[in-house]
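Enquirer: Chains as they are written, first to last, in this note's numbering: chain A, 2 to 131; chain B, 2 to 240.
Hints are computed from structural coordinates only; laboratory data are not their basis.
For every residue, glycine included, the Cβ atom is placed at its ideal position computed from N, Cα and C.
Check each hint, because a few of them may be wrong.
To be verified - Label-pair restraints from in silico Cβ distances:
(1) A/GLU21 - B/ILE181: 43 to 53 Å
(2) B/ARG95 - A/ARG116: 19 to 29 Å
(3) A/SER44 - B/ILE181: 41 to 51 Å
(4) B/PRO64 - A/LEU85: 12 to 22 Å
(5) B/GLY40 - A/ALA87: 26 to 36 Å
(6) A/MET82 - B/ASP185: 40 to 50 Å
(7) B/GLY26 - A/ILE3: 17 to 27 Å
(8) A/ALA23 - B/GLY26: 36 to 46 Å
(9) B/LEU29 - A/ALA18: 31 to 41 Å
Claimed, not checked - Partner residues are not named here, just some residues of chain A that face chain B (Cβ under 8 Å, in silico):
(10) PRO30
(11) THR80
(12) VAL94
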Amino acid sequence: MIGGFFLILVCDLLGEALREMAHLPIPGPVVGMLLLAVLLVVSSPRPNTELPPQLERTAETLIANMGLLFVPAGVGVITEMSVLEAEWLPILVGLIGSTLLGLIATALTMHFAMREPKSDSESAVGGGAR
Amino acid sequence: MIDAIEAAWSPLAPTPLLWIVVTVGAFLLAKRLNRACNGAAMANPVLVAILLTAAVVLVTGVPYPTYFAGAQFVNFLLGPATVALAVPLARNIRHIKSSSVGLGLALAVGSLVSICSGIGLVWVLGGSRAVALSMAPKNVTTPIAIAVSQQIGGVPALTATLAIVGGIFAAAIGRRLLTILGIDDHRTHGFVAGVVGSGVAAAEVSSLGGLAAAFAALGIALNGVVTALLTPLLAVFWH
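Here chain A stands alone, though its shape is the one from the complex:
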């Protein structure tokens, strides 16, 4: 658990440092995520090998409880009440409208792009048919 957490923290730190040094427009943790993903893909000798179990356990715990981590930032909405009150219409329509448009655009694009090579979705569940 601690070993996995250490690896994650190191990647977070490296991501932050890299962003700072290269003046990247991406948040540090995203750089860290990319670093770790590249590291994991490159370091596994075969495509289907297991990831380090320590890392897997820590990552699963963090992701499963991610909801809790949003709460402190979300409570900050109490400092933005005046904005919500003054601009409720653009906020409401923008939120619902762009989520709807995003859902439709993503779904239709993927549907038509994946239609060509006819493969039923269930055959991919077990994975590695090829």
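Start from chain A and add chain B according to the hints.
Expert: Relative to the frame of chain A, chain B by itself:
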């Protein structure tokens, strides 16, 4: 009685422990409530926990910076949690490769439409630049949305709320909408939930099975990267 609470409360209010306990306690309570409602999308544990915690902060009259001075220790873990998304990403690298064209196109179109329509709708309806910029990264997973919002001059707290409420909305209507469009591929259902509704919708769509869950994780991670790259660029062009 009131005096006794006051006497106990006052010395505790400035310690970080108090606000960590309130935050974690509110989240546990919200999760229990969600289970009691059979996982209804409107009883989303994150939303309920935010409302409960905000109510405690408002009722006790504590300023938000005082609350956050304690709760920042919970907030800090958002960074590591974002890095941890690399694990499902690496685990599903095989699926990414086998359907990379469809994923890439859907990701590019979905990401652009979400960002531009968010900015556009706010702008058309007379919203301010700060609100439009807060809206831009809202479809992406909350820690990334907060970081992007901070970077481009949005209001991070507003973005966090928009991301969570938008995720709840996507979770509530996503599957029904795709069924109306005649789409039943679990890969598409999963990926769309991850790209547009991030964590909240991904949790909902995972009831379809492992393949949908894997593609949802993929959608969260990939759109996180694309939105983090794209939004600052779009924000530079738009003054």
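Enquirer: Are any of the numbered hints broken by this structure? If so, which, sorted upward?
Expert: none
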